[in-house]
Structures are given as C-alpha cells and as structure tokens.
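Asker: Model the full structure from these sequences, guided by the hints.
Number of protein chains: 2
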Amino acid sequence: MPSDTLVQQLAFLREIDRLKSVIRQSPLLDGSRKENSAEHSWHLAMYGLLLREHASSGVDSERVIKMLLIHDIVEVDVGDTPLHGGSSPTMQAELEHKAACRLFGLLPEPQGSEFLELWQEFEEGDSEDARFAKALDRVQPLIANVLTGGGTWSDGRVDLIQVLEKYGPTIRRGSPVLWSACEAMVREHFARDRPPSRTGSA
Amino acid sequence: MPSDTLVQQLAFLREIDRLKSVIRQSPLLDGSRKENSAEHSWHLAMYGLLLREHASSGVDSERVIKMLLIHDIVEVDVGDTPLHGGSSPTMQAELEHKAACRLFGLLPEPQGSEFLELWQEFEEGDSEDARFAKALDRVQPLIANVLTGGGTWSDGRVDLIQVLEKYGPTIRRGSPVLWSACEAMVREHFARDRPPSRTGSA
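Chains as they are written, first to last, in the working numbering: chain A, 217 to 418; chain B, 217 to 418.
Any given hint could be a false lead.
Any copy, or any two copies together, can satisfy a pair, since identical chains are not distinguished.
Said to hold, decoys possible - In silico DMTMM-like cross-links for lysine to aspartate or glutamate, where the CA-CA straight-line distance does not exceed 25 Å:
1. K250 / D293
2. K250 / E325
3. K314 / E404
4. K250 / E333
5. K382 / E325
6. K314 / D246
7. K250 / D296
8. K382 / E310
9. K314 / E330
10. K314 / E340
11. K250 / D220
12. K250 / E231
13. K314 / D296
What the hints contain is simulated information worked out from the structure, not anything from laboratory work.
Answerer: Printed below as a string of structure tokens:
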C-alpha cells in the first residue's frame with residue numbers, strides 16, 4: 217500500500233502528462249511540426265544546464281532548471297499563450313494563477329507550496345534566477361524562428377522592430393551576452409529576408 | 217561576435233532538437249499517440265524532482281535531474297531501443313557510446329567531458345544517483361502501460377512474469393518503495409486483464 221504522499225505525487229505526475237498535448241506556435245528546427253510545451257520545457261532545461269555562465273549575475277543553476285521544468289505546467293489547464301497574441305495579460309495571469317493553485321495543489325505539502333512559490337517567482341521575474349530563466353524562455357523560440365526562416369514571425373507578419381521590442385528587454389535583463397548574440401542573428405535574418413529594392417537594376 | 221564557447225553550446229542545443237522526433241514505444245496517457253524522447257526526458261526530470269525522498273539511499277537531486285535530462289540524447293544518432301526489443305546489447309552499447317562522443321564532443325571543454333562522464337555514469341548504473349535515475353526511467357513507462365490498459369505490453373504480448381523480470385530489479389535497486397507501489401499496480405493490471413477461465417460457469 218503506497219503512502220498518501222506517493223499517491224498524491226503520482227497523481228500529479230499523471231496529470232502533467234497532458235502538457236505533451238499543448239501545442240505552441242514555435243516550430244521544430246526541421247520544420248516538420250509545431251513544438252509542444254513538454255518538449256519545449258525539456259529543451260529549455262538543457263539551455264539552463266549549459267548556459268549558466270552567460271547569466272548577467274551569479275545564478276543557482278538547480279533553481280533555474282527547476283523553474284524551467286515547471287514554468288509551463290499551468291498550460292495543462294489554460295493552454296499556450298502566444299507571445300505575439302492579443303489576449304488580456306491581466307485575465308491571462310488570473311487564469312494561470314488559478315491553474316497553478318489547482319495543479320500544484322495536487323501535491324503533498326510542503327512540496328505543493330514550494331512549487332507554487334517557485335512558479336510565482338518565475339512569473340514575477342524579479343529574482344536573479346527568474347530573470348535568467350525568463351531570458352532563456354525567449355532565447356529558445358527566437359533561435360527556432362531564425363533557424364526556420366522566420367517561424368512565428370512569418371505567420372504573424374512580425375517585423376524587426378517588433379522582435380527587438382518583444383524579446384530584447386527580457387533577454388538583455390537576464391543575459392546581455394545572449395542578447396548580443398541573439399540581436400545579431402535577428403538583424404541578419406531580417407536583412408536577408410528583406411524584399412529587394414524596387415529601384416534596383418532589374 | 218559571440219564567443220567560441222557560446223557558438224559551440226548553441227550548435228549542441230540546435231543538434232539535440234532532433235530528440236523531439238525520436239519516437240518511443242510508450243503511449244501518452246490519453247492514448248492519442250506514442251511519446252517522443254524529448255518529452256519523455258522532461259517527464260522523467262519531473263519524476264526526479266518530485267520523488268527523491270523515495271530513493272533507496274541519499275541521492276544528489278541535481279545530478280539525478282541532469283542525468284535524466286541527458287540520458288536519451290544519444291538517440292539523436294541511434295534512435296530508441298525498445299525494452300522488449302531483440303537487439304544485441306553489446307552492439308547497441310557501442311553505437312550509443314560513439315553517439316555520446318560525437319554529440320557531447322560538440323560542446324566546449326570541460327563541459328563536453330563532464331556530460332559524457334555523467335551519461336556514462338547513468339549507463340553503468342552503479343552510483344546511487346544513477347541507480348535512482350535508472351529506476352525512474354523504468355517507473356515512468358511502467359505507469360504509462362498500466363494507465364493505458366497495457367501499452368507496449370499488449371503490442372508485444374508481454375506477460376506478468378516478463379514485466380516483473382524486466383522492470384523489477386532495476387526499480388527495486390533504486391527505490392524499494394517505488395517498486396512496491398509498481399508491483400501492486402502491475403499485478404492488479406494483469407489480474408484484471410486475464411481472460412476468464414474456460415472452466416467457469418458460463
């Protein structure tokens with residue numbers, strides 16, 4: 217007979233399997249399909265594992281990886297919110313908070329409260345760890361878009377200025393080094409994809 | 217101009233995106249499709265994050281999570297090897313080692329060597345951390361099979377004894393508590409699915 221603690225933990229692990237069916241806007245790098253939030257969370261955790269030396273200040277790598285593993289779990293209840301979407305941020309934040317309370321509430325205490333607090337810390341984005349985690353959560357889809365010839369930027373008709381404004385501040389705050397590399401990629405991407413001038417020689 | 221270190225790290229993170237296209241035998245819990253190795257790795261890392269109190273001895277949770285995040289990366293080159301498959305273990309181990317050297321070799325040093333060693337530690341399964349990580353790598357698909365009415369056991373016509381032999385030793389070594397819970401689930405599953413006796417009253 218398993219303990220109540222284990223029964224609750226296994227119920228949570230069962231519930232979050234549904235994150236594998238939440239589809240994001242970002243494509244896989246081979247362009248074959250869109251990414252789901254579970255595999256995105258794995259990829260982000262790998263970013264966290266490898267890139268901590270580029271954080272703007274000392275971060276606790278273990279906490280960053282934990283945040284990245286759990287940051288999208290609320291999407292089990294509320295789905296993915298595209299970065300270039302038009303939903304109300306306040307209403308979205310309320311829905312996500314309710315989802316976090318329900319989902320992490322499946323866990324035994326104090327584990328449930330610990331994860332809820334860690335998720336809130338990520339959402340608020342004020343701590344050093346949360347800033348770096350949030351930066352990575354922008355870097356990964358930015359790179360996916362660049363490597364797939366535009367990705368969600370093509371679909372949504374997003375231009376260079378919008379990309380710099382949507383991704384820049386969050387990435388720069390967590391890692392100036394990563395933003396420097398990302399900005400160069402983005403500028404090169406939009407320079408390459410700019411239609412040829414109509415006053416050219418052709 | 218990003219540093220050589222960052223260029224190498226980003227090349228590795230690009231390469232491992234392909235893990236999202238490696239399809240395993242285990243189903244999602246809603247039965248809609250088979251799981252891929254990237255989302256499996258995320259789910260396993262969540263198992264590691266939540267269940268460390270059930271390890272047979274003290275484990276370093278951060279190392280266990282790292283192992284679980286990287287344990288299947290070799291599949292980018294060699295694909296998934298089903299537990300109930302018939303491939304030669306020696307040949308498979310050689311192919312996986314070659315893949316690990318190529319993939320982790322994309323990383324700057326000493327990061328590449330650190331990850332290769334961590335992957336080898338998981339494969340050997342001798343340390344406390346590796347035993348627990350290996351146990352979780354069996355627990356997650358076992359539960360998926362039970363919750364989907366058989367999963368890979370139905371496809372492969374695997375019986376109770378085979379399940380106890382294939383999963384039991386690895387899970388018990390890493391966590392007697394988890395094996396106790398898993399064994400009860402498995403016995404109940406096979407008792408429920410056993411065809412009715414031909415000498416019954418019907």
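Asker: Among all the numbered hints in the text so far, which are the ones the structure does not match?
Answerer: Violated hints (numbers, rising): 2, 3, 4, 5 and 11; every other hint is consistent with the structure.
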